[in-house]
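Start from chain Z and add chain U according to the hints.
Number of protein chains: 2
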Amino acid sequence: MSEKSVTPMSEDFSAWYNDIVVRAELVERGPVRGTMVIRPYGYRVWESLQADLDARIKAAGHGNVAFPSLIPQSYLQREAEHVEGFSPELAVVTHAGGKELEEPLVVRPTSETVFGEYMAKWIDSHRDLPLLLNQWANVVRWEMRPRLFLRTTEFLWQEGHTAHVDEADAMRETMWALDTYTAVAREIAAIPVVPGEKTPGERFAGAVRTYTVEGMMRDGRALQSGTSHYLGTNFAKAFEIQYQDNAGALQLAHTTSWGMSTRMVGGVIMTHGDDKGLVLPPRLAPYQVVIVPIGRNELLERTTAAANELAGRLRAAGVRTHVDDNRPQLSPGFKFNDWEMRGVPVRLELGPRDLEGGVVTLARRLPTFEGQGKEQVPIDQAPDVIPGILEDFQAFLLHRAETFRDEHTADADSWDEFAAQVATGWARSLHCGQSSCEDEIKADTAATPRCIPSEAPAESGPCVRCGLPSAYGKRVIFGRAY
Amino acid sequence: MSEKSVTPMSEDFSAWYNDIVVRAELVERGPVRGTMVIRPYGYRVWESLQADLDARIKAAGHGNVAFPSLIPQSYLQREAEHVEGFSPELAVVTHAGGKELEEPLVVRPTSETVFGEYMAKWIDSHRDLPLLLNQWANVVRWEMRPRLFLRTTEFLWQEGHTAHVDEADAMRETMWALDTYTAVAREIAAIPVVPGEKTPGERFAGAVRTYTVEGMMRDGRALQSGTSHYLGTNFAKAFEIQYQDNAGALQLAHTTSWGMSTRMVGGVIMTHGDDKGLVLPPRLAPYQVVIVPIGRNELLERTTAAANELAGRLRAAGVRTHVDDNRPQLSPGFKFNDWEMRGVPVRLELGPRDLEGGVVTLARRLPTFEGQGKEQVPIDQAPDVIPGILEDFQAFLLHRAETFRDEHTADADSWDEFAAQVATGWARSLHCGQSSCEDEIKADTAATPRCIPSEAPAESGPCVRCGLPSAYGKRVIFGRAY
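Top to bottom, those sequences are chains Z and U. In terms of the working numbering, the numbers along the first sequence are unbroken and rise by one, the last being 646. In terms of the working numbering, the numbers along the second sequence are unbroken and rise by one, the last being 646.
Hints listed in this document are in silico derivations from the structure and should not be mistaken for laboratory results. Some clues are possibly wrong.
What the hints assert, rightly or not - Calculated pairs, DSS-like style, for lysine-lysine (alpha carbon to alpha carbon, straight line, at most 25 Å):
1. Z/K285 with U/K499
2. Z/K285 with Z/K401
3. U/K222 with U/K285
4. Z/K499 with U/K499
Computed from a predicted model, the values in this text were never measured in an experiment.
Extracted from the complex, chain Z is given alone in its bound form (with noise of 0.2 Å):
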């Protein structure tokens, strides 16, 4: 491990975030341009969330499947809107077994097509509507400006792919999913995101209308975090997905489909952290606690043994516990600056005075509602009390977002204060509704609109841009994205 510390994230936040992604050994570039490869510390980030969410998934009644990654290039034709949009991404296999093959495979960059495909055999009546089905995938699209985890040319995802019989119930699953989207955001990862709709001109290829939950990250740029589509009957037409209705007839069945990806772990780096390093929530951390015994010689090995008892007893309470006691060649200092950059939110050092009087010190990552900077517990009452530290200190972590987020955020009714707004953070205003509009907003302030909220109160006027009347009844968010 090097000494070089990590870039403040006050200086410089894109060479802080490339700092500390690769120092706390969460993800490095892969051998190909674009892709990361995924390090433990990381991989366990991203395990926490899913487990949440396909609980979540499952509960709803959705099976899980697995489909190939390759894809008949062919299918993805059927769909025009759906080529169009993702055709200079794709990644193509021309030779496979030695040969050329007759027809190129694209490496899926989303499943619709193909769940379309098998959709349609497995579909006859509407006794087997509605269809709920979930894939955990990786997926391929070519990037042009790569960003860890933001922005890959592989990562990971969960992909939900649904048949309705008609629009309202396509429609109750595509907010079922916007809703479980909202919920796993703000309650594992502390992210407060904003769920709202895409204006026509940032909707998914192929799709009626497009869900989003947006985050704000600590520079005030937005992450889409999370997207969930109403697709009419697109998808049903193009691959012939069709049930018989109760009267005999035949109809076109109404699909949806969702996403949520390894990008929400870029997505917790840039809420939460700080100039010292990451700080992660609770319900995602890897390790909740770790245990650093300090000493010498014999008294390092009591504070070792000590602090190995403790652990135990933590684990049995339900809190993932790692104790520092294999690496000798390293300072108790230097080990707490590790730990504090690795963004472990609760310390405990465990020293010979500490043992003698029966207690640990305690540092939690940031001070929170309730603890200010260390404070000293008694050893026997850790495991009881340290669950509710943690508990304290996931909430306290939504909180400290959602109030940067709504410092952050204003309503902006000239062209003025909506540049100026939207130079480090959100703007709410009126818009027209056309995407030409659009383009030049983001031509002149690289600002795009990032949804319209779906809790807003209603309101119109002019245009902030260019003054026509407004769109979409309510105010819209506009900010930088990632």
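Below, chain U without anything else, positioned relative to chain Z:
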């Protein structure tokens, strides 16, 4: 659902297998030749196996990671035997992002090369060892004779990759993985696999020693169900995986790799199934218990309510339970056959007369040690007794498979005995160890050396085929294989 019945196993094993995997909605052929689509019922089996194996892998200190699926073609060429072994099976990406790539990328057939490249970066000192990594991933190997689950162009697996200071530590790891696969196969899949070493002709491309667990299917053929490789310093040399030892000298690391795949789902089907269809071990069954409420109109409403109430109590007792209450168009008899075909260990029938008597009728998928056919169980006691009935069922399947394997395995000391034995099962024979002799045996009988079993008495004598002195110091297991 079609009423068409499954080809009896006794008539045509291969047709039975192909019928059953599709009829039971485990899997379907994918859009590209040799690929498969794993459906929810099949994926759930894989998820249960995966959860158990993943917990063992983590408990032994391995960290999960995610490497990219696209590997520069040149990486494979660095280890001569490795590239020779895998070249014919590669799928190659030549175009991406709308351009021809400067260097083609292969879709990973396995990941020793890319793990090797990064292990070299991550390892400096002996303190960094052992490095214990694992990945759950999809891999692509172009198959000329595909078979659902058993040999598909794309499949899911875990691949462990580890680096160690010396041969002794790497061999400990290699044997840990072999023991773990043996335990998972026996304890979870109820497949009494035989662990052992592969002969040199059957080694993994690039390995110094390959170990395997071999299961016997109900047609007497062997299924290689997991492999563990000691790679020596072959990949360490190719990728410069080096460390500084205690004395400051640079040393090559010793590496291992090991994998278990969705092929295991095929193994479960072919180890336990029968003419009626699947038989699933309770630890892998998506539904351990299915309750079928019976009756008409108001009576059906009452039995359905009672079935759902019972299901709630069974779930609270940790039993995966399904109530078949949303297919009013099907008769109880059809449902019974359907769940038998789908391999559910325990079926509960709940009719008006059962309800009146305060009982359910319990039917095991097979008679076991304790239970013959149907019996009546008081509804109140069902959640207490069913977990034990499922354990008994699980133990019975392992016992039955073990008996079958032993009845179809015999010593063969003459060529005639050998040829007769491998026609229906496995032969234990002495062998000279020459690969030309192995090839002749295969050409004559289709049998190959499955493994040199870990546990077997010391023995030597003339080769069963050529009469030259035996190698290995013990008998080798031969059989036809999938």
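Looking back at the hints listed earlier, which ones does the structure fail to meet? Structure breaks hint 4 only.
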